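For the protein sequence lines, the chains are A and B, in the order given.
Quick note: the first sequence uses this note's numbering, first residue 1, plus one each step.
Quick note: the second sequence uses this note's numbering, first residue 1, plus one each step.
Treat the hints with caution; some may be incorrect.
Claimed, not checked - Computed, partial: chain A to chain B, Cβ under 10 angstroms:
1) S17
2) R84
3) G134
4) D137
5) K190
As the list claims (entries may be wrong) - With beta-carbon atoms standing in for the labels, derived distance ranges:
6) B:L557 - A:G78: 18 to 26 angstroms
7) A:D137 - B:L476: 55 to 63 angstroms
8) A:E207 - B:E294: 47 to 55 angstroms
9) B:A400 - A:G134: 22 to 30 angstroms
10) B:L31 - A:D60: 40 to 48 angstroms
11) A:D60 - B:L27: 33 to 41 angstroms
12) B:L105 - A:D217: 45 to 53 angstroms
13) A:K116 - B:S424: 32 to 40 angstroms
14) B:A400 - A:K116: 23 to 31 angstroms
15) A:D133 - B:S184: 40 to 48 angstroms
16) B:T102 - A:G210: 49 to 57 angstroms
17) B:L306 - A:E207: 42 to 50 angstroms
What the hints assert, rightly or not - Take a look, some chain A residues computed to stay more than 12 angstroms from chain B by CB distance:
18) L25
19) M41
20) L70
21) D72
22) Q74
23) T80
24) A108
25) P110
26) D133
27) K160
28) G187
29) A191
30) H201
Keep in mind that the hints were calculated from the coordinates and are not lab data.
In this text, all values refer to a predicted model and were calculated from it rather than measured experimentally.
All C-beta atoms in this analysis are idealised placements derived from N, C-alpha and C, irrespective of residue type, glycine included.
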Amino acid sequence: MAELGNQQTGLTLRSVSIRLRGRLLLDLDAHVTPGSVLTVMGPSGSGKSTLLAFIGGFLDTAFEAAGTVLIDGQDIGGKTPQERHAGILFQDPLLFPHMSVGQNLLFAIPSEIRMKSERNSIAKSMLADMDLDGCFDHDPARLSGGQKARVALARTLVSKPRALLLDEPFSKLDSALRQQMRLLVLGLAKARALPVVLVTHDPADAEAAGGQLVTID
Amino acid sequence: MLKQEPLFRVARFAPFVVILLLSVPVLAGLLGTLLPAFSYLPALGRDTFSFDAFRAVFVEPNIWRSMLLSLWTGFAATAISVLIAAGVLAAGFGTKGWARLTRLLSPILSVPHAAAAYGLMVLVMPSGFVARLISPELTGWQTPPDILIPNDPWGLALIAGLVAKEVPFLLLLLIAAIGQTDASRNLHIASALGYGRLAGFFHVLWPQLYRQVRFAVFAVLAFSATAVDVAIILGPSAPSTLSVQLVRWMNDPDLAMRFTASAGAVVQLLLVLLLFVLWMGLERVLEFVRKSLEISGMRFAMDGALTASLRFAGWLLTLATLGGLALLALWSIAGLWPFPDAMPESYTLKAWMRALPAVMAPMATTFVLGVTSASMATVMGILCLASRSRSKPASRLFNASLALPLIVPQTAFLFGLQIAAIKSGIGYGMTALVLVHLVFVMPYVFLSLGQAWQALDPRYALVAQALGKSRTQTLLRVELPLLLRPVLTAFAVGFAVSAGLYLPTLLVGAGRLPTITTEAVALASGANRRTIGVYAFLQAVIPFAGFVLAFALPAWLFRNRAGMRAA
């Protein structure tokens, strides 16, 4: 982490601070290398999710934020959310209920990939990687909780994100499924060399993630 | 500053366009009423101010009785509507039949006032269905009794007609408001403390709910005291309410009567303000009573009979409106139907065959006006909400201009608007009609859309943007499809409002662009019941079609998507 400057890969947070009506919610300097995890822990209502909103570019205007966010050395501060390519997972899968599972993925695949056959095969092979073979035409509402969580992850990954933002993504899963999803998400992030920011109030999440830990209150 | 997408660059101006579209007609109309009221109208060669027109109003025989009638029917209709709406909610909320009753609310709300009034008329008039059902067995009547219903001098039929339409309106808003409170748990706590259902509701929920629907209650007051179409059909006739008298003056071939009409409209505006003050007094008294009961700790636990009768009242109103419409349909195909018989002796399509040729043009006008104004309002609403959700909270000016057409009595600005429309060169055409319909359609469409927009999980849009989609793509491919049902419902609401508008259509169309509503109301004086049946039935069915579309289209499009079923 010694080298500074523009060639640095991963996600960099430089003197990031977020305030609500003058009250300081968080104040942070960190560098997340590709494939590693920054875990932010704190009780609910502590404002830890605002960090993800700030990185993603959709922080509510009620908050005052300062500081710089760099992805692979590039300042993303002036960019719109859609230009940042920061994949986000919430505690609910939030699959678009009006689309099929396959359409959810096709919606997420970047439009630069034009060929219909190529788009289809990307979606299908991603579903296969997630053990969701044959779910392409399914109604997302009819999937199990675990399947929904995996579709949400698949949808984020096919959008070619440059970083992964996790907002308590495991907290609504039951405990057996939770450990499984943790391993899957963190494993895939590592395999794809994605920097991850994980916001949670569950110490087990932090333990599984391994990397740097910031606690706010 | 982030760069703006073209759609959102346009959308930013939408709220200002809406403010102009709402406030210019109302304020210009008010001015156009005020000036002639003080006898100032250079177009007719009057360029000095005087009180002559007001003097002309007050020399009219029975004018005081007309004014009192307007005050009385407006106040009574509002008080009864609020009482029933609150009572039905308190008694019915969370019970088994509740979902069924609430599903019927939107369709009932879409029934135009005039059609509902005719329905009530054929139900309760001396030769109406109720009298037929119980005659001659219970009453001994072989011929219809000689009672003046509707058009009774006390305005009771008028009050009933207004109540039948205002209760569903208030209920719908109350239900939206109760969704934002922790209603069922609050009620459980109250009942655990030993309070009866109604007392618990009155103490725990009502103060929160009333604050949110108070504005609508004032709108109901203004509407009830000034309604023209319902008063023509059900109200007393000699003397009539002030609103009916005003329209008579306005339509007088003698142009000088316009001054009297304008002065009368100003008097009516003052009457509505007086009503507001009276209502605020009533609010204080009731709040004092509620507070005293609150500290007295009285439980009123034995409210079973009252609760049951309130539930019954809810169903009775619903059935009366729907039954009235069914009865109109029956009348339209009735052949010979002598008095005490409950059902016609024979059926015939004669009334339809006679009416259909005449009804085609008004139907087309209704349709074009409704579709144009409702779709314009819906698109405007979407643009406003899409641009607003991410920037500053709703501006006060925007909300105030949406409230304007609901609070200012129609006559007070429509009279002036009719004059302004001619003077500005827009004239009596379709453009002027669409613009004036928009004034009344937009508030309801926005109300309907706004609630749906708030209910949508904002994280869907965040997910779409994080996946790399622009705001425009997010709006078109995620938010609007998810909101398809409420967007179509808002459109249907707008269409229904437009289709039911009487006075604005009559005055700004100057009778040259009749709609099914203006034609139906015109039948009130003495047309035969079969013709009324045809017109009123059509009038009720047209807006209803919008709701069928709002229900059926999403149901078909998303037939394989369990997550898109209606809640």
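Cross-check of the supplied hints:
no., hint, verdict
1, S17, "violated, 21 angstroms"
2, R84, "holds, 8 angstroms"
3, G134, "violated, 16 angstroms"
4, D137, "holds, 9 angstroms"
5, K190, "violated, 21 angstroms"
6, B:L557 - A:G78: 18 to 26 angstroms, "violated, 39 angstroms"
7, A:D137 - B:L476: 55 to 63 angstroms, "violated, 23 angstroms"
8, A:E207 - B:E294: 47 to 55 angstroms, "holds, 52 angstroms"
9, B:A400 - A:G134: 22 to 30 angstroms, "violated, 56 angstroms"
10, B:L31 - A:D60: 40 to 48 angstroms, "holds, 42 angstroms"
11, A:D60 - B:L27: 33 to 41 angstroms, "holds, 35 angstroms"
12, B:L105 - A:D217: 45 to 53 angstroms, "holds, 48 angstroms"
13, A:K116 - B:S424: 32 to 40 angstroms, "violated, 54 angstroms"
14, B:A400 - A:K116: 23 to 31 angstroms, "violated, 51 angstroms"
15, A:D133 - B:S184: 40 to 48 angstroms, "holds, 43 angstroms"
16, B:T102 - A:G210: 49 to 57 angstroms, "holds, 52 angstroms"
17, B:L306 - A:E207: 42 to 50 angstroms, "violated, 60 angstroms"
18, L25, "holds, 19 angstroms"
19, M41, "holds, 22 angstroms"
20, L70, "holds, 18 angstroms"
21, D72, "holds, 16 angstroms"
22, Q74, "holds, 16 angstroms"
23, T80, "violated, 5 angstroms"
24, A108, "violated, 4 angstroms"
25, P110, "violated, 6 angstroms"
26, D133, "holds, 20 angstroms"
27, K160, "violated, 8 angstroms"
28, G187, "holds, 21 angstroms"
29, A191, "holds, 20 angstroms"
30, H201, "holds, 18 angstroms"
In this structure, the hints that do not hold are numbers 1, 3, 5, 6, 7, 9, 13, 14, 17, 23, 24, 25, 27, in rising order.
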